[in-house]
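Student: Sequence:
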Amino acid sequence: MKSTSPELTVIGGGAAGLMAAGLAAREGLSVTVLEKTAHTARKLGITGKGRCNVTNAASPREVVANIPGNGKFLYSAVTAFPPSAVMELFESLGVPLKVERGNRVFPVSDRAQDICEALRRFCGAGGVKLVHEKALDIMVSEGCVRGVRTASGTLPTPRILVATGGLSYPATGSDGDGYRMAKAVGHTVVPPRPSLVPLVAEGEDCGRMQGFALKNVGLRVEDGDGRKVYEDFGELLFTHFGLSGPTVLSASAHMRDFERNRYTVYIDLKPALDEETLDKRILRDFEKYKNRDFQNALTDLAGRSMIPVLVERSGIPPETKVNSVTKEQRRGLVRLFKSFPVRIAGARPVEEAIVTAGGVDVREVDPRSMESKLVKGLYFAGEVLDLDAYTGGFNLQIAWSTAYAAAMAAGKE
1 MKSTSPELTV
11 IGGGAAGLMA
21 AGLAAREGLS
31 VTVLEKTAHT
41 ARKLGITGKG
51 RCNVTNAASP
61 REVVANIPGN
71 GKFLYSAVTA
81 FPPSAVMELF
91 ESLGVPLKVE
101 RGNRVFPVSD
111 RAQDICEALR
121 RFCGAGGVKL
131 VHEKALDIMV
141 SEGCVRGVRT
151 ASGTLPTPRI
161 LVATGGLSYP
171 ATGSDGDGYR
181 MAKAVGHTVV
191 PPRPSLVPLV
201 AEGEDCGRMQ
211 GFALKNVGLR
221 VEDGDGRKVY
231 EDFGELLFTH
241 FGLSGPTVLS
251 ASAHMRDFER
261 NRYTVYIDLK
271 PALDEETLDK
281 RILRDFEKYK
291 NRDFQNALTD
301 LAGRSMIPVL
311 VERSGIPPET
321 KVNSVTKEQR
331 RGLVRLFKSF
341 PVRIAGARPV
351 EEAIVTAGGV
361 DVREVDPRSM
371 ESKLVKGLYF
381 AGEVLDLDAY
391 TGGFNLQIAW
401 STAYAAAMAA
411 GKE
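Residues 1 to 413 (the numbering used here) are what the sequence shown spells out, left to right.
Treat the hints loosely; a few may be bogus.
Dumping the calculated DSS-like pairs for lysine-lysine here, alpha-carbon to alpha-carbon at most 27 angstroms [to be verified]:
#, residue 1, residue 2
1, Lys49, Lys215
2, Lys280, Lys215
3, Lys183, Lys373
4, Lys338, Lys288
5, Lys49, Lys183
6, Lys36, Lys49
7, Lys338, Lys228
8, Lys288, Lys270
9, Lys290, Lys270
10, Lys321, Lys376
11, Lys280, Lys270
12, Lys327, Lys288
13, Lys270, Lys183
14, Lys72, Lys412
15, Lys280, Lys338
16, Lys290, Lys36
17, Lys270, Lys321
18, Lys72, Lys280
19, Lys270, Lys338
20, Lys36, Lys98
21, Lys288, Lys321
22, Lys228, Lys270
23, Lys215, Lys270
24, Lys321, Lys280
25, Lys72, Lys376
26, Lys290, Lys321
27, Lys183, Lys134
No wet-lab data here; the hints were simulated from the structure.
Construct the complete structure from the given sequences, taking the supplied hints into account.
Tutor: Structure (structure tokens):
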């Protein structure tokens, strides 16, 4: 590769990479971004169903609390570049923002592309050079970065930021390249695993209800010892393999050990009604359909595709006449509506996850600068690190804060 040697080379043109490139250029560094795909910020452009949950309007302490596992590692970085600073930057780049439920921050336009374009403008204004090349290896000598090797040759550079993302959504370019390069220079990589991912259920009941969506339902997750792991309210979807939808994706981030734990999801189909009120409601429906079979008396309470499963789970023979259902059977039906159980076998593959957990071990990275403790001039930012958060804009905040820390440290050097 024939090129003037940049003072910082960023590997990966995603959220963290573009943010770091723009910030470093603003600090006066000459910056080159190596992006192996034809377009930058491809994954960012599809986040939040195309709306882009930019960040969460929370305090640094609240952000850290929403990052399980290694959240404390990020305290310095999030304090230095908190959500308020992220919002201020994007608005200065011409993207008005709004705050929605749960302090989630979105562009007023509801267009993720507005965020992508703002980052591209930010880089362009700083003279960042974009090269569509795949980084093959990081060149290291005597414990210091010397350059990066591509198919076109070696690009000499004293500083490299690895911002290649994780393994989720591989079509956008996140295929684990960063893990391979980090390992090659001596870093430990915590095995990647899916987070914010649909769940695989045991048995065939979910498959029988495939495509049936529930709105305004309660969701509770318990581990094998019956301890509550997570609780939420909102939407979910039955699929051919199990469960998906917003509440399920959020719940999956709390279900972090499928190998040693057996989780059960309990769905409250009628969260607005307590058991006594629901029992009275069922009695009214039974009176309304008193001359029908039991299975035909649930049409006002449950979706058509769910009724056969509810009837089977209740243990009441479907042809039982409504006026023959006992009080105890009815009480059991109430409990089933308030706590419909789905045993979980595991998660879908990491390629289907919104976020990858695992990655470069943060114990080998300086939390203030994101610089490697093993190789001078090597930095990491974003999803390639062993950092992942719950839903609500916290994962992108990880990208922004780690990018800022790396860019500022590189600029000071």
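Student: Determine for every hint whether it applies to the structure shown.
Tutor: Here's how the hints hold up against the structure:
Of the supplied pair hints, the one linking lysine 49 and lysine 215 holds, its CA atoms being roughly 18 angstroms apart against a limit of 27 angstroms. Among the hinted pairs, lysine 280 with lysine 215 is consistent with the structure: their alpha-carbon atoms are about 22 angstroms apart, no more than 27 angstroms. Only pairs whose Cα atoms come within 27 angstroms are accepted, and lysine 183 paired with lysine 373 is accepted, the gap being roughly 14 angstroms. A hinted pair counts as satisfied when its Cα atoms are at most 27 angstroms apart, and lysine 338 with lysine 288 qualifies at roughly 22 angstroms.
A C-alpha spacing of about 33 angstroms is found between lysine 49 and lysine 183, which places the hinted pair above 27 angstroms, so the restraint is violated. For a cut-off of 27 angstroms, the pair hint linking lysine 36 to lysine 49 stands: about 24 angstroms separates their Cα positions. Our distance criterion of 27 angstroms between C-alpha atoms is met by lysine 338 and lysine 228, whose separation comes to about 16 angstroms. Only pairs whose Cα atoms come within 27 angstroms are accepted, and lysine 288 paired with lysine 270 is accepted, the gap being roughly 20 angstroms.
The straight-line distance between the Cα atoms of lysine 290 and lysine 270 is roughly 22 angstroms, inside the 27 angstroms bound, and the hint therefore holds. Restraint check: the Cα-Cα separation between lysine 321 and lysine 376 comes to about 77 angstroms, which exceeds 27 angstroms; the hinted pair is violated. Between lysine 280 and lysine 270 the alpha-carbon distance is near 13 angstroms, which keeps this suggested pair within the 27 angstroms criterion. Using a Cα cut-off of 27 angstroms, the hinted pair lysine 327 and lysine 288 holds, with the two alpha carbons roughly 17 angstroms apart.
Among the hinted pairs, lysine 270 with lysine 183 is inconsistent with the structure: their alpha-carbon atoms are about 50 angstroms apart, more than 27 angstroms. About 24 angstroms separates the Cα atoms of lysine 72 and lysine 412, which keeps this hinted pair within 27 angstroms; it holds. The hinted pair formed by lysine 280 and lysine 338 meets the criterion: a straight-line CA distance of about 14 angstroms does not exceed 27 angstroms. A distance of roughly 67 angstroms separates the Cα atoms of lysine 290 and lysine 36; the hinted pair therefore is violated under the 27 angstroms criterion.
Between lysine 270 and lysine 321, the direct Cα distance comes to roughly 24 angstroms. Compliance with the 27 angstroms bound is thereby established for this hinted pair. Note on lysine 72 and lysine 280: the hinted pairing is violated, with a Cα-Cα distance of about 49 angstroms set against a maximum of 27 angstroms. For the suggested pair lysine 270 and lysine 338, the alpha carbons sit about 6 angstroms apart, so the restraint of at most 27 angstroms is met. A C-alpha spacing of about 33 angstroms is found between lysine 36 and lysine 98, which places the hinted pair above 27 angstroms, so the restraint is violated.
Restraint check for lysine 288 and lysine 321: satisfied, since their Cα atoms lie roughly 13 angstroms apart, inside the 27 angstroms limit. Our distance criterion of 27 angstroms between C-alpha atoms is met by lysine 228 and lysine 270, whose separation comes to about 19 angstroms. Our distance criterion of 27 angstroms between C-alpha atoms is met by lysine 215 and lysine 270, whose separation comes to about 10 angstroms. Straight-line distance between C-alpha atoms of lysine 321 and lysine 280 comes to about 18 angstroms, which keeps the hinted pair within the 27 angstroms bound.
Between lysine 72 and lysine 376, the direct Cα distance comes to roughly 23 angstroms. Compliance with the 27 angstroms bound is thereby established for this hinted pair. Between lysine 290 and lysine 321, the direct Cα distance comes to roughly 7 angstroms. Compliance with the 27 angstroms bound is thereby established for this hinted pair. This hinted pair checks out: lysine 183 and lysine 134 have alpha carbons roughly 17 angstroms apart, not beyond 27 angstroms.
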